[in-house]
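Chemist: Read off the chains here:
Protein chains: 2
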Amino acid sequence: MSQQVARVSLRDIQRPVTAELDRVVDELRRIIAADFPIITEANEHLLRMKGKLFRPTLLLLSHQAAGGRDPRAVTLAAVVELIHLATLVHDDSVDHSVLRRGMPTINTLFSHQIAVIMGDYLYSRAIIELVQLDDPEALRVLARVTNEMTVGEMRQLEAHDKLAYGEEQYDQLIRAKTASLLAGACEVGALEADTAHRRALARFGMYLGMAFQITDDLLDYTQPEAVTGKPSGLDLKEHKMTLPLIAALGRMTPTERPRVQELMDTPDPSEETVAEVIALVERSGGLDYARQRALELAQQADAALEVLPSSPARDALRDSIAYAVERRS
Amino acid sequence: MSQQVARVSLRDIQRPVTAELDRVVDELRRIIAADFPIITEANEHLLRMKGKLFRPTLLLLSHQAAGGRDPRAVTLAAVVELIHLATLVHDDSVDHSVLRRGMPTINTLFSHQIAVIMGDYLYSRAIIELVQLDDPEALRVLARVTNEMTVGEMRQLEAHDKLAYGEEQYDQLIRAKTASLLAGACEVGALEADTAHRRALARFGMYLGMAFQITDDLLDYTQPEAVTGKPSGLDLKEHKMTLPLIAALGRMTPTERPRVQELMDTPDPSEETVAEVIALVERSGGLDYARQRALELAQQADAALEVLPSSPARDALRDSIAYAVERRS
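Note that the protein sequences, when read in sequence, are chains A and B. Here the first sequence is numbered in our numbering, starting from 1 and rising by one per residue. Here the second sequence is numbered in our numbering, starting from 1001 and rising by one per residue.
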């Protein structure tokens, strides 16, 4: 793989599993169905805000790349998306987020109470479905992953001494919060495969997930917002320590660091303060460092795929790396 | 069983399974252990506020009464308590409760965010443990029960037209919210038993759970508070429709019903208004009706035990009925 990865669309990546992905949505609808009004309404809203099905795509591609032909893979893909949805509903509630994928969150549209209960509803439905599939290994992997994600969420709340938050802690955080579910999706797709292939795909998913999250964190510093034309700097406003800032802090001068400390000490920092720290992070090489790290992880993800036989599915997994690190949203 | 059940202590009921209950607490500690500071702190707090282990008691007694001798019963009992704990943590967060068992709730002591994540942590730990026990049937029962509990929580939030909320809806609510886990605990204790015994114990747990919840709802109308010497009427303050009020409404005069409607329309009703409605509920026979209903359910629970062979464990289960409907807190 070259240093500069090519731009690819998610649609291209999904091509080898298009038919299965259509069925994933039907499965999702079936699994979360309820005969209780509030839940039905919330379900319909969630199905409308349905994302790009990146995790089901990874699961189905891994399944195909590892030579699998199990029709249960579609249901497993729906369950993985469902676990992701349950996590989003609780995350938005915990973060008091108003929008998700351009639509109001469950906590905004209904209430905070309903969001908490709804997340529990979705997650317990996922477990019921996994039990019915009679696949203890899939259940084992996904139960572990869900638990890891909760620990990741806790890590996010941590960090009393913001400026001392280091890259190692950040790596642990993004592994737990994001990469674990992507690794789980890839692994669950390949449960019937050779141990070597299964492990390779789990490793691929972990590196991919870390690169994916670093890219997400970079976008917060670089992606111009529609209205202002400037990066949102939302993480900075919420005092979240992510890789661009962590890397930049190590390179700042003794006069620059206090500017960051000041922002972290201000409950509701102004647009000017945020813009100033964003500029400081860029000038100190924080963005370049994070980009470089994402590329390294992308290369590790790519290398993990080497052990698999050549196939359209493996090629699509390869392309998903480019998608993860080159996307603009 | 006589109409008037005798007063029994929980300690008496627990006698046949005392040794196992000690180990339940150790198992609980082992299962929730974490190497992350916030979680460890929250765990310690939860272990200190540990309740009376009523659900583990029921599971272990059911196990013994059905002739079981599986050492995994202790772990299953700990898992059932853990699911109960996870539910309490989310309930307290959703209800903004300040105290639980005389101690600050997780949302009060830490934060609302941590309570949501902590509930998810505990529940996913319970699932991991169930997967490790390699007992798909226990997992099936408890996953279903957990999902029912979330639907019960949703039912609790429902009821736009308070005064039209009927006894049938109330029954569905308490089955889902409370009785399902007690039934699940009894059933999981007897998974290896004859189908007839297993079903009988599940039925026993369901009736017991409903009687338990009606008693709880009665206490809100009758139990004098330490400070005021008057019943708290907390459910009324929060506009919760429970059996005493539902039954009383059907017996009120056309001049009395508007008093209740008024309270339901007032966001923060005064102590006087609450006391007045409590008196009205008593005068209209709402308390007597609810007591009678709890006794009927107690008798159904008792009858469900008939099919089991006589044993100290069966006697203790019988006594647990008296405990459930006669307790003062």
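These aren't lab readings, by the way, just hints derived from the structure by calculation. Take the hints with a grain of salt, since some may be wrong.
Below, a sample of chain B positions facing chain A; criterion: calculated Cβ distance under 7 Å [to be verified]:
(1) Val1098
(2) Tyr1121
(3) Thr1146
(4) Thr1150
(5) Val1307
Beta-carbon label-pair distances, calculated as ranges [as the list claims (entries may be wrong)]:
(6) Leu219/A <-> Thr1195/B: 54 to 60 Å
(7) Gly102/A <-> Asp1095/B: 50 to 56 Å
(8) Glu158/A <-> Pro1136/B: 34 to 40 Å
Please read all numbers here as calculations on a predicted model, not as lab measurements. Don't be surprised by glycine CBs; every beta carbon is placed ideally from N, CA and C.
Chemist: If a hint holds in the structure, say so; if it does not, say that too.
Modeler: Cross-check of the supplied hints:
1. Taking 7 Å as the C-beta cut-off, the interface hint given for Val1098/B is violated, the closest approach to chain A being about 16 Å.
2. Among the interface hints, the one on Tyr1121/B holds; its C-beta lies about 4 Å from the nearest C-beta in chain A, closer than the 7 Å criterion.
3. Given hint, Thr1146/B at the interface with chain A, holds; its Cβ is 4 Å from that chain's nearest Cβ, closer than 7 Å.
4. A hinted interface residue such as Thr1150/B counts as satisfied when its beta carbon comes closer than 7 Å to some beta carbon of chain A; here the least separation is about 4 Å, so the hint holds.
5. Against a cut-off of 7 Å between C-beta atoms, the interface hint on Val1307/B is violated, since the closest Cβ of chain A lies about 28 Å away.
6. The hint said 54 to 60 Å for the Cβ distance between Leu219/A and Thr1195/B, and at roughly 57 Å that hint holds.
7. Look at Gly102/A against Asp1095/B: about 32 Å separates their beta carbons, and that is not inside 50 to 56 Å.
8. A beta carbon spacing of about 36 Å between Glu158/A and Pro1136/B agrees with the range 34 to 40 Å that was offered as a hint.
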